[in-house]
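*Asks:* Read off the chains here:
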Amino acid sequence: MNDVIGLAPWLVGFPLIGAAVLLLGGRATDRWGHWLGVAASAASAVVAFILMFRMIGTPPEERAVDHGLWTWLSAGGLDVDLGLRLDPLSLTFVMLVTFVGTLIHVYSVAYMDHDVDRRRFFAYLNLFVAAMLTLVLADSYLLLFVGWEGVGVASYLLIGFWDTGRPSARENAVAAKKAFVMNRVGDMGLIAAMAILFATVGSVSFADVLPAAGGLSETTATAVGLCLLLAACGKSAQFPLQAWLGDAMAGPTPVSALIHAATMVTAGVYLMVRSGPILEAAPTAQLVVVVVGAVTLLFGAVVGTAKDDIKKALAASTMSQIGYMMLAAGLGPAGYAFAIFHLLTHGFFKAGLFLGAGSVMHAMGDQTDMRRFGGLSRFLPITWITMGLGWLAILGIPPFSGFWSKDGIIEAAFVPVDGQPWRAWVFGSVAVLGAAITAFYMTRLFFMTFGGRRPRWTENQHPHEGSPLMWWPLVFLGVGSAALGAVLGIGGTFTTWLEPVVGHAEHHEPVLPVPAIITVTLVLVVLGAALAFRMYAVALVPEEAPRGSFLTRAARKDLYQDAANETLVVLPAHGVARLVQVGDRDVVDRGWGVLPLAVSWFGAMFRKAQTGYVRSYAAGMAGGVLVIAVVAWLVIQLGGGLGGAQ
Amino acid sequence: MDVTNYVVLAAVLFAIGATTVLLRRNAIVVFMGVELMLNATNLAFVTFARMHGDLTGQVLAFFVMVVAAAEVVVGLAIIVTIFRTRRSASVDDVNLLRG
Amino acid sequence: MTPAGLEISGGETVLFWVVAPLMVLAALGLLFVRRAVHAAMCLVFVMVSMAILYIAQEAPFLGVVQVVVYTGAVMMLFLFVLMLVGVDASDSLTETIRGQRWVGLLIGLGLALVLGGVVGRAAFPPGVGLAGGDPGGVANPQALARVLFGDYVLAMEAVGVLLVTAAVGALVLTHRRRLTPKQNQRTVAEARVKALSQGVTLTPLPSPGVYATSNAMDTPALGPDGEQVPQSVSRVLRIRGQERPAPHTAVALVENQADRGTEEES
Numbered sequence: 001m002n003d004v005i006g007l008a009p010w011l012v013g014f015p016l017i018g019a020a021v022l023l024l025g026g027r028a029t030d031r032w033g034h035w036l037g038v039a040a041s042a043a044s045a046v047v048a049f050i051l052m053f054r055m056i057g058t059p060p061e062e063r064a065v066d067h068g069l070w071t072w073l074s075a076g077g078l079d080v081d082l083g084l085r086l087d088p089l090s091l092t093f094v095m096l097v098t099f100v101g102t103l104i105h106v107y108s109v110a111y112m113d114h115d116v117d118r119r120r121f122f123a124y125l126n127l128f129v130a131a132m133l134t135l136v137l138a139d140s141y142l143l144l145f146v147g148w149e150g151v152g153v154a155s156y157l158l159i160g161f162w163d164t165g166r167p168s169a170r171e172n173a174v175a176a177k178k179a180f181v182m183n184r185v186g187d188m189g190l191i192a193a194m195a196i197l198f199a200t201v202g203s204v205s206f207a208d209v210l211p212a213a214g215g216l217s218e219t220t221a222t223a224v225g226l227c228l229l230l231a232a233c234g235k236s237a238q239f240p241l242q243a244w245l246g247d248a249m250a251g252p253t254p255v256s257a258l259i260h261a262a263t264m265v266t267a268g269v270y271l272m273v274r275s276g277p278i279l280e281a282a283p284t285a286q287l288v289v290v291v292v293g294a295v296t297l298l299f300g301a302v303v304g305t306a307k308d309d310i311k312k313a314l315a316a317s318t319m320s321q322i323g324y325m326m327l328a329a330g331l332g333p334a335g336y337a338f339a340i341f342h343l344l345t346h347g348f349f350k351a352g353l354f355l356g357a358g359s360v361m362h363a364m365g366d367q368t369d370m371r372r373f374g375g376l377s378r379f380l381p382i383t384w385i386t387m388g389l390g391w392l393a394i395l396g397i398p399p400f401s402g403f404w405s406k407d408g409i410i411e412a413a414f415v416p417v418d419g420q421p422w423r424a425w426v427f428g429s430v431a432v433l434g435a436a437i438t439a440f441y442m443t444r445l446f447f448m449t450f451g452g453r454r455p456r457w458t459e460n461q462h463p464h465e466g467s468p469l470m471w472w473p474l475v476f477l478g479v480g481s482a483a484l485g486a487v488l489g490i491g492g493t494f495t496t497w498l499e500p501v502v503g504h505a506e507h508h509e510p511v512l513p514v515p516a517i518i519t520v521t522l523v524l525v526v527l528g529a530a531l532a533f534r535m536y537a538v539a540l541v542p543e544e545a546p547r548g549s550f551l552t553r554a555a556r557k558d559l560y561q562d563a564a565n566e567t568l569v570v571l572p573a574h575g576v577a578r579l580v581q582v583g584d585r586d587v588v589d590r591g592w593g594v595l596p597l598a599v600s601w602f603g604a605m606f607r608k609a610q611t612g613y614v615r616s617y618a619a620g621m622a623g624g625v626l627v628i629a630v631v632a633w634l635v636i637q638l639g640g641g642l643g644g645a646q
Numbered sequence: 001m002d003v004t005n006y007v008v009l010a011a012v013l014f015a016i017g018a019t020t021v022l023l024r025r026n027a028i029v030v031f032m033g034v035e036l037m038l039n040a041t042n043l044a045f046v047t048f049a050r051m052h053g054d055l056t057g058q059v060l061a062f063f064v065m066v067v068a069a070a071e072v073v074v075g076l077a078i079i080v081t082i083f084r085t086r087r088s089a090s091v092d093d094v095n096l097l098r099g
Numbered sequence: 001m002t003p004a005g006l007e008i009s010g011g012e013t014v015l016f017w018v019v020a021p022l023m024v025l026a027a028l029g030l031l032f033v034r035r036a037v038h039a040a041m042c043l044v045f046v047m048v049s050m051a052i053l054y055i056a057q058e059a060p061f062l063g064v065v066q067v068v069v070y071t072g073a074v075m076m077l078f079l080f081v082l083m084l085v086g087v088d089a090s091d092s093l094t095e096t097i098r099g100q101r102w103v104g105l106l107i108g109l110g111l112a113l114v115l116g117g118v119v120g121r122a123a124f125p126p127g128v129g130l131a132g133g134d135p136g137g138v139a140n141p142q143a144l145a146r147v148l149f150g151d152y153v154l155a156m157e158a159v160g161v162l163l164v165t166a167a168v169g170a171l172v173l174t175h176r177r178r179l180t181p182k183q184n185q186r187t188v189a190e191a192r193v194k195a196l197s198q199g200v201t202l203t204p205l206p207s208p209g210v211y212a213t214s215n216a217m218d219t220p221a222l223g224p225d226g227e228q229v230p231q232s233v234s235r236v237l238r239i240r241g242q243e244r245p246a247p248h249t250a251v252a253l254v255e256n257q258a259d260r261g262t263e264e265e266s
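Residue numbers (UniProt numbering), protein chains in the order written: chain B, 1 to 646; chain H, 1 to 99; chain L, 1 to 266.
Among the clues, some could well be false.
[Said to hold, decoys possible] Calculated cross-link-like contacts (lysine to any residue; reagent style SDA-like; alpha-carbon spacing at most 25 Å): (1) L:Lys182 - L:Tyr152; (2) B:Lys177 - B:Phe198; (3) B:Lys608 - L:Leu106; (4) B:Lys608 - L:Gly11; (5) B:Lys608 - L:Val103; (6) L:Lys182 - L:Leu202; (7) B:Lys608 - L:Thr201; (8) L:Lys182 - H:Leu97; (9) B:Lys177 - B:Thr222; (10) B:Lys177 - B:Ala192; (11) B:Lys608 - H:Asn95; (12) B:Lys557 - B:Ala573; (13) B:Lys608 - L:Ile97; (14) B:Lys177 - B:Ala243; (15) L:Lys182 - L:Thr203; (16) L:Lys182 - L:Val164; (17) B:Lys608 - H:Asp2; (18) B:Lys608 - B:Gly624; (19) B:Lys177 - B:Pro211; (20) B:Lys608 - H:Asp54; (21) B:Lys557 - B:Leu433; (22) B:Lys557 - B:Leu571; (23) B:Lys608 - L:Leu196; (24) B:Lys557 - B:Phe180; (25) B:Lys557 - B:Arg170; (26) B:Lys608 - L:Gln183; (27) B:Lys177 - B:Asp187; (28) B:Lys177 - B:Gly165; (29) L:Lys182 - L:Thr165; (30) B:Lys177 - B:Val570; (31) B:Lys177 - B:Pro167; (32) B:Lys608 - L:Glu95; (33) L:Lys182 - H:Phe83.
It should be emphasised that the hints constitute simulated quantities derived from the structure, not laboratory data.
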């Protein structure tokens, strides 16, 4: 392993160089810039493959390698060595990011074909890949934070990519800012966590912190865990920092696929799993993680049922699926492997679904309203089949990949923690319920797009399949959606693969027998799917959205999350700001205003003494001399008197 | 008769000179008041020189005279200039520099 | 408490008591006379008296310098400037600044009281007198010169520079740059003809005293119409208010003769 570890920096290096060349090269690179971007990403993927094969050939206990590069910071007691940590966990991520990233790069070449800024787009994509790889390869929280901010910047730049020349330019820019600001709220948590870790452990590198986590007091561990959870919530669009993800769909669809579905938004889950030892030392924080995951998974699922915009429905689905991962990450070692497993399969099928959605939009002239789709299966067969694979995968139908990972999570949720069966029942039920709702909204999405007896297109629509550059990535991702789960899931291959990092999980019995869980889940999933099929494939779908029930209207508005943020955070903040403004202007400024007033008043008073008559001044002088003479005389008299007394 | 009487005389003359400066408006008379004050101090100097048997007092009186002569030359030149431009020798007319 | 080493002769005492009150009176004159010239004369008197007192106080050199410099140079300069500025520069004694008179008097009185009080109450060391160790008797100019050009030679030089600077400064201050073209006889004549329409006479004004009963400088001339011509009297006299009005008799005489002339014609 150590002989190829030297390649690891090139994982980050290739896309970073690509981004630098594309950004600095300017218009000169316009003609071939996109291919450079693809090549940089592909080069990373090749390196990743080499490293993976070498790692598979290495005994499991030697698979985790820390590769120190150089001393980064040396400030007082804080010494941070910049280095990369290569272990099965990070390598899984590296594989996902580079492989899916490369596919999406290829897809983007065609998707962004007509965009004048394609070169800049690829520069940002490469920047994102580099930052994401920095994030997952970091061997300390500080370097992780660098990557964390890097992906945030790339995300911001790409959400607001179309910030000029389009009718929606302004909304895009606002969406980018919203994502950026909400992510900063989470970043505060990461910074606070680092500060606490440095104060208690004296280091922020994984090698020092994670083994020491068991020795932390429970209060400290809880504080660190909750701060990390805040960071994860911001990055992964988890409740209560979830509002930005839906708006982030303003970015080009490949961006939504890569950043806001497959990779960046799962960084929070990565952070949770990476910080596993800390969470394990803090049961309260773990419980909060599970609760956040459960709430988000239901939240996203409910929102997803009402969205008519195909990308927003997928975004809600992403939120919900990451909720599953967070729930699993909060369950301890038993859940970590499934969290990452689901993350991996989700990365494939959700990227496939997004790219499929992009393909549909491409065919329909950037239309995103599913009520104006319908009957597309005949015109977009490849998209139809690959998205179908993704649909089955996310539903969790065996043997598609989602089944292997999601079922693992549901089973893990049913395992009682600390001998508390109520938790198993509550979270298990939530997971199953979420699976049923997922089945409903994904089936709705699928059949509203491809099914239906009657197309509901707008005028002059001639849908057709895109270029091979667009559908080959779809095929790859479709195959992954279909087979990846089975390949890695049967026999617990993936769990074993991650064991060196997350530790071996003792097998606990769920509160229900495993076959019963699987059966119940599948029955509910099929019921949900059947209901959606009846409503959106058999019945006619109205072109205008019906008013709907209260719940539908609420879900369309993201369950009033923006209104809640507005009321709970923005308005009080405005109030405080106004208070400060008023205080500053009316109290502080006016207060200081008294000083010049007093000065000018005294000035006006003394001004009267300046008569301009030289004789008045002379009188003043002479009077002063007189006073001084009298005083001096008195002092001498008194002093003399005293002297005489002594 | 005491030599102190001379000093008292000097003090009285000085006070009269000062009062002249304060009360008269003709710049030339004001100037005369200043000269009277200078002469009064000279008398005191000379008296003290005699009292202490030290010629330094007389030397200082001498210097005062010389400086007073120089001052008179410049001061009167200023008065002449002002009179030439403003047709007035009253110190109250030159009061533009006021608050 | 006449000190032992300093005997004041009876003559000096008499001198002091004669001169000092006169000096104070003259100084007060500075305060109260209306005319600047009179004030200057008062001051001259004070300064000459001062010179006498200097001589009485064993400072003959200073006494001489006082006469030469002050009365001879400084006061002459004052008088010259008074002439330049104009004799009309007599000062009205009404006060224009409110309260200034009382403030000034108060300060003057206060100064006199405080200074006099301090001097009167001070315990001076026994007087020595300049004749102390010198058998020659008086503080002769040689002794003064020794001090002046010995200990104080640097100050002496500096004062010399000061005098030169003051002289140059006075020159600079009083120098007037010519702003108008120089007048010659032609321009003056032309200006006079031009001003004819504004009632200026072309011919020279009548001399004072013409047709008057007196030919003194202060008597205005009578014009052909028998009216007085004020311009005929010197401006200085007019401003001083020293012109003598033409006697009514003279005016009446002229009028009578004029009446008689008309009667004869009729």
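*Asks:* Against each hint, give a clear statement of whether it holds in the structure.
*Replies:* For each hint, the structure was consulted:
1. Taken as a hint, the Lys182 of chain L and Tyr152 of chain L pair is broken in the structure, with Cα atoms around 50 Å apart against an allowance of 25 Å.
2. Of the pairs offered as hints, the one joining Lys177 of chain B and Phe198 of chain B is violated, with about 31 Å between alpha carbons and a cut-off of 25 Å exceeded.
3. Between Lys608 of chain B and Leu106 of chain L the alpha-carbon distance is near 22 Å, which keeps this suggested pair within the 25 Å criterion.
4. Only pairs whose Cα atoms come within 25 Å are accepted, and Lys608 of chain B paired with Gly11 of chain L is rejected, the gap being roughly 55 Å.
5. The straight-line distance between the Cα atoms of Lys608 of chain B and Val103 of chain L is roughly 17 Å, inside the 25 Å bound, and the hint therefore holds.
6. Of the pairs offered as hints, the one joining Lys182 of chain L and Leu202 of chain L holds, with about 21 Å between alpha carbons and a cut-off of 25 Å not exceeded.
7. At roughly 51 Å between alpha-carbon atoms, Lys608 of chain B and Thr201 of chain L are farther apart than 25 Å, so this suggested pair is violated.
8. Distance restraint check for Lys182 of chain L and Leu97 of chain H: the Cα-Cα separation of roughly 35 Å exceeds the 25 Å cut-off, and the hinted pair is therefore not satisfied.
9. Only pairs whose Cα atoms come within 25 Å are accepted, and Lys177 of chain B paired with Thr222 of chain B is rejected, the gap being roughly 31 Å.
10. For the suggested pair Lys177 of chain B and Ala192 of chain B, the alpha carbons sit about 23 Å apart, so the restraint of at most 25 Å is met.
11. Taking the CA atoms of Lys608 of chain B and Asn95 of chain H, the gap is about 13 Å. The hint holds against a cut of 25 Å.
12. Simply put, Lys557 of chain B and Ala573 of chain B have alpha-carbon atoms about 23 Å apart, close enough for the 25 Å limit, and the pair holds.
13. With a C-alpha separation of about 13 Å, the suggested pairing of Lys608 of chain B with Ile97 of chain L holds against the 25 Å cut-off.
14. Between Lys177 of chain B and Ala243 of chain B the CA atoms are separated by roughly 12 Å; this keeps the pair inside 25 Å, and the hint holds.
15. Pair hint Lys182 of chain L plus Thr203 of chain L holds up; C-alpha atoms about 23 Å apart against a cutoff of 25 Å.
16. Of the pairs offered as hints, the one joining Lys182 of chain L and Val164 of chain L is violated, with about 31 Å between alpha carbons and a cut-off of 25 Å exceeded.
17. Under the criterion of a C-alpha separation no larger than 25 Å, the hint pairing Lys608 of chain B with Asp2 of chain H is inconsistent with the structure, at around 47 Å.
18. A distance of roughly 18 Å separates the Cα atoms of Lys608 of chain B and Gly624 of chain B; the hinted pair therefore holds under the 25 Å criterion.
19. Taking the CA atoms of Lys177 of chain B and Pro211 of chain B, the gap is about 38 Å. The hint is violated against a cut of 25 Å.
20. Between Lys608 of chain B and Asp54 of chain H, the direct Cα distance comes to roughly 48 Å. Violation of the 25 Å bound is thereby established for this hinted pair.
21. Restraint check: the Cα-Cα separation between Lys557 of chain B and Leu433 of chain B comes to about 21 Å, which is no more than 25 Å; the hinted pair holds.
22. Between the alpha carbons of Lys557 of chain B and Leu571 of chain B the distance comes to roughly 19 Å, so the proposed pair stays at or under 25 Å and holds.
23. Taking the CA atoms of Lys608 of chain B and Leu196 of chain L, the gap is near 51 Å; set against the 25 Å cutoff, the hint is violated.
24. Among the hinted pairs, Lys557 of chain B with Phe180 of chain B is consistent with the structure: their alpha-carbon atoms are about 21 Å apart, no more than 25 Å.
25. Our distance criterion of 25 Å between C-alpha atoms is met by Lys557 of chain B and Arg170 of chain B, whose separation comes to about 20 Å.
26. With a C-alpha separation of about 48 Å, the suggested pairing of Lys608 of chain B with Gln183 of chain L is violated against the 25 Å cut-off.
27. Between the alpha carbons of Lys177 of chain B and Asp187 of chain B the distance comes to roughly 15 Å, so the proposed pair stays at or under 25 Å and holds.
28. Taking the CA atoms of Lys177 of chain B and Gly165 of chain B, the gap is near 18 Å; set against the 25 Å cutoff, the hint holds.
29. At most 25 Å may separate the alpha-carbon atoms for a hinted pair to count; Lys182 of chain L and Thr165 of chain L exceed this at roughly 31 Å.
30. Using a Cα cut-off of 25 Å, the hinted pair Lys177 of chain B and Val570 of chain B holds, with the two alpha carbons roughly 15 Å apart.
31. Using a Cα cut-off of 25 Å, the hinted pair Lys177 of chain B and Pro167 of chain B holds, with the two alpha carbons roughly 18 Å apart.
32. Restraint check: the Cα-Cα separation between Lys608 of chain B and Glu95 of chain L comes to about 19 Å, which is no more than 25 Å; the hinted pair holds.
33. Annotation: proposed proximity of Lys182 of chain L to Phe83 of chain H holds, straight-line Cα distance about 22 Å (limit 25 Å).
In this structure, the earlier hints numbered 1, 2, 4, 7, 8, 9, 16, 17, 19, 20, 23, 26 and 29 are contradicted, and the remaining ones agree with it.
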